[in-house]
Amino acid sequence: MADNDFPVAVIGIACRLPQAENSSQFWEFICEKRDANGDLPAERAKDLEHLVQKVDPENFVNANSPFFTGCFFESIDKFDANFFGISPEEAQYIDPQQRFFLRTGWEAIEDAGIAASIFGSETGVYIGYPEEKYLKILPHINLAAALGTHPPFIAARLSYTLNLRGPSFLVNAACSASLVAAHVAC
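If you read the sequence shown in full-length UniProt numbering, its first letter stands for residue 1, the second for the next number, and so on.
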C-alpha cells in the first residue's frame, strides 16, 4: 500500500438497509429517529424451517427468541437476475448479501453519473466482508450455491458484470473490514 497524497472523493452513494431501500429513505429514517427493530415478517418464517431443524427446538418455543425479532430487510427476494446476466436458477442460490451488493453497487455508479463510462474501465472493486453465513443454512449445496455464496465472488461478480479491468477483491478484517477495504482502495 502506497502512501498517497492525492484527494479522494465519494461521488456516488447507495445503500439498502432495514426500512430504507436507498440513501434518501435512510436519511429520513435517521431524522425521524425511527427504530428498525421488529418482528420476523410472516412470509420469511419459512426461511427458518431448515435452520430450526439444526438448532435446539427449545430456542424456538418462545416467540421472544432473538430468531423472531430483529432488523429485517424488505424485498429480500426482489432481484433482477437478468439485468446482471444471471440465470434464474443460479440467482436463487446467490447469497442475499451478494445480490444486495450487485444492486447497490450499480445504484452507486448510477448515482455518480458515470454508468455510461465505467464499462471496460480500469475501475477497481474493493469490498469489506466480515463473514459468510448463508451457505450454512442452505438445505443442499450444488455448484450454483457454492459460487453464489463464495465471498470473493461478491467483488468479482460486479467486476465481471461491468467488465471492470481494475483490481477486484474482498477484504476480511472482521469488524473493520470496510475501513480496511477503503484504505486499500485509496
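Rather than coming from a laboratory, the hints here were simulated on the basis of the structure. Hints may be right or wrong, so weigh each one.
[Said to hold, decoys possible] Okay, the calculated beta carbon distance ranges per label pair: (1) 114 <-> 174: 40 to 46 Å; (2) 81 <-> 7: 34 to 40 Å; (3) 68 <-> 114: 28 to 34 Å; (4) 11 <-> 40: 19 to 25 Å; (5) 78 <-> 27: 20 to 26 Å; (6) 40 <-> 9: 35 to 41 Å; (7) 160 <-> 135: 18 to 24 Å; (8) 7 <-> 48: 45 to 51 Å; (9) 46 <-> 185: 24 to 30 Å.
[Stated by the list, open to error] List of simulated lysine-lysine pairs, DSS-like, C-alpha gap at most 30 Å: (10) 33 <-> 136; (11) 33 <-> 78; (12) 78 <-> 133; (13) 78 <-> 136; (14) 46 <-> 136; (15) 46 <-> 78.
Yeah, the Cβ is synthetic: ideal placement off N, Cα and C, and Gly gets one too.
Enumerated hints in conflict with the structure, sorted upward | Violated hints: 1, 3, 4, 9 and 10; rest satisfied.
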